[in-house]
Amino acid sequence: MGILLKNGKIVDPKLKTITSGDLFLENAVIAPAVPDDLSGHQVIDCTGLMIAPGLIDMHVHLRDPGLTYKEDIVTGTAAAAAGGVTTVCCMPNTKPVIDTPELIRYASGKGENEASARVLPIGAVTVGQKGTALTDFPTLKDAGACAFSDDGVPVMSAVIMRNALKAAKPLGKIVISHCEDGEMVQNYAVNEGEVSKKLGLPGRPAIAEDLMVARDLMLAEETGAHVHIAHVSTAGSVRLIREAKARGVSCSAETCPQYFIYTEEELLKKGTLARVNPPLRTESDRQAILEGLLDSTLDCIVTDHAPHSAEEKARPLPDAPSGMVGLETSLAACLTYLVKPGHMTIPELIARMSLVPAQILGLPYGTLAPGAAADICVFDPEEVWTVDPEQFRSKARNTIFAGEALAGRVRLTICGGKITYQV
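Numbering (our numbering), first residue to last: 185 to 607.
Careful: at least some of the hints might be erroneous.
Between beta-carbon pairs, the in silico distance windows are [as the list claims (entries may be wrong)]:
no., residue 1, residue 2, range
1, Leu199, Glu406, 35 to 43 Å
2, Pro525, Glu296, 53 to 61 Å
3, Leu478, Ala553, 20 to 28 Å
4, Val311, Gln606, 41 to 49 Å
5, Gly356, Met185, 58 to 66 Å
6, Gly356, Pro386, 35 to 43 Å
7, Glu406, Glu566, 44 to 52 Å
8, Asp503, Met402, 32 to 40 Å
9, Arg289, Arg499, 32 to 40 Å
10, Leu501, Ser341, 14 to 22 Å
11, Leu222, Met402, 32 to 40 Å
12, Arg289, Val343, 24 to 32 Å
Pairs of lysine to any residue residues, derived as SDA-like cross-links and limited to a Cα-Cα distance of at most 25 Å, are as follows [unchecked claim]:
no., residue 1, residue 2
13, Lys454, Lys429
14, Lys602, Val258
15, Lys381, Glu405
16, Lys453, Glu588
17, Lys294, Leu590
18, Lys193, Glu532
19, Lys198, Thr529
20, Lys325, Gly250
21, Lys193, Gly232
22, Lys279, Asp326
23, Lys497, Gly377
24, Lys497, Leu355
25, Lys314, Leu355
26, Lys429, Glu532
27, Lys193, Gly205
28, Lys497, Glu532
29, Lys325, Asn297
30, Lys497, Gly601
31, Lys198, Lys602
32, Lys524, Glu450
33, Lys353, Pro322
34, Lys294, Thr529
35, Lys524, Ala591
Hint data in this document are derived by calculation from the structure and do not stem from the laboratory.
Glycine included, C-beta positions come from ideal geometry on N, C-alpha and C.
Work out the full structure, taking the sequences as your base and the hints as a guide.
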């Protein structure tokens, strides 16, 4: 049985257009035309709704295996589906670390059999994420790793990072860099600046990010390999990436909604819910992140979905873990803070959340072309709703958006031709 999405507004992220029409899905792909006879097929009226490619989040923490009291592949992908996300790339900082082909196959297999979204595991750069010995990149790739990263901790050794880039290049895979100087940041809870002074806490200086961004861009330039800079949060990083791209360095970069919406001042209002890593920065950093998105210095938008238990987030600010969930709010937050103010059009936004991540990772998704995977996000760009974490499909509730009214709501998600979310 096929699915006809009727009377919608079709968003093409490649052509940057919105056209009225129908879309027919059959045999897990997008059909070239709507059949004359619709008997036996499901028809869904999409009047007033946008029909877009399913979103691709290339930076998600599913906590599975080993930390499933926070999240697991089933609940995490249910949250993804509720946010219009059809493909998630899960980071390897689990317990144990995803650094073997068996664990790659565990995550992808559970995703294939039990999940509401496609799960693409990211393999660790170093064994146990300890920063000393490279994992077996070819073996991890053959098992299904879509990229390599030690996200959650920086690769402090330039030698190891250089070798990682050299190992990834012939495999056609990218290395995703968590850029911080670990000695500078420790486990500090807040950006180094006015707010850290008010709180009487040591801070994470922006230079700790900038230094590692500069190093890894230089290593990418020297090796000719591709480095992807994760969760960019500083004006300095944006400048360095912009300059590297102008020189022709093979690189790409991402940021998250929190970094172009909020500043460090949010910690004074929301406490541990605003503790993320890297930390929320200054207003000048926030403006630079926005400018970096608008001129494509920053290529894509991800969530860095980082679930934690309520008990963990209830600890004092210096002791609570960093991170917030984002899969169920990301599209709405971007529609509210990027599209509504006129910074981006809807097709431009959808490109940053689907087509561009697919291109960075070399995936055949993020498009509505005939024959493409039937991965679809249908949303109402105008519907206003109040974020209630108790309604989340994620196990976690740690969101900075709690109680906030956002414009834009996912109404239907289809992954591989199967409805994974519908309201």
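How the hints compare with the structure:
| no. | hint | verdict |
| --- | --- | --- |
| 1 | Leu199 to Glu406: 35 to 43 Å | holds (37 Å) |
| 2 | Pro525 to Glu296: 53 to 61 Å | violated (39 Å) |
| 3 | Leu478 to Ala553: 20 to 28 Å | holds (26 Å) |
| 4 | Val311 to Gln606: 41 to 49 Å | holds (42 Å) |
| 5 | Gly356 to Met185: 58 to 66 Å | violated (37 Å) |
| 6 | Gly356 to Pro386: 35 to 43 Å | holds (41 Å) |
| 7 | Glu406 to Glu566: 44 to 52 Å | holds (49 Å) |
| 8 | Asp503 to Met402: 32 to 40 Å | holds (36 Å) |
| 9 | Arg289 to Arg499: 32 to 40 Å | holds (35 Å) |
| 10 | Leu501 to Ser341: 14 to 22 Å | violated (31 Å) |
| 11 | Leu222 to Met402: 32 to 40 Å | violated (57 Å) |
| 12 | Arg289 to Val343: 24 to 32 Å | holds (30 Å) |
| 13 | Lys454 to Lys429 | violated (36 Å) |
| 14 | Lys602 to Val258 | holds (16 Å) |
| 15 | Lys381 to Glu405 | violated (38 Å) |
| 16 | Lys453 to Glu588 | holds (13 Å) |
| 17 | Lys294 to Leu590 | violated (32 Å) |
| 18 | Lys193 to Glu532 | holds (15 Å) |
| 19 | Lys198 to Thr529 | holds (13 Å) |
| 20 | Lys325 to Gly250 | holds (22 Å) |
| 21 | Lys193 to Gly232 | holds (7 Å) |
| 22 | Lys279 to Asp326 | holds (22 Å) |
| 23 | Lys497 to Gly377 | holds (23 Å) |
| 24 | Lys497 to Leu355 | violated (39 Å) |
| 25 | Lys314 to Leu355 | holds (23 Å) |
| 26 | Lys429 to Glu532 | holds (20 Å) |
| 27 | Lys193 to Gly205 | holds (6 Å) |
| 28 | Lys497 to Glu532 | violated (35 Å) |
| 29 | Lys325 to Asn297 | holds (20 Å) |
| 30 | Lys497 to Gly601 | violated (37 Å) |
| 31 | Lys198 to Lys602 | holds (24 Å) |
| 32 | Lys524 to Glu450 | holds (22 Å) |
| 33 | Lys353 to Pro322 | holds (11 Å) |
| 34 | Lys294 to Thr529 | violated (36 Å) |
| 35 | Lys524 to Ala591 | holds (8 Å) |
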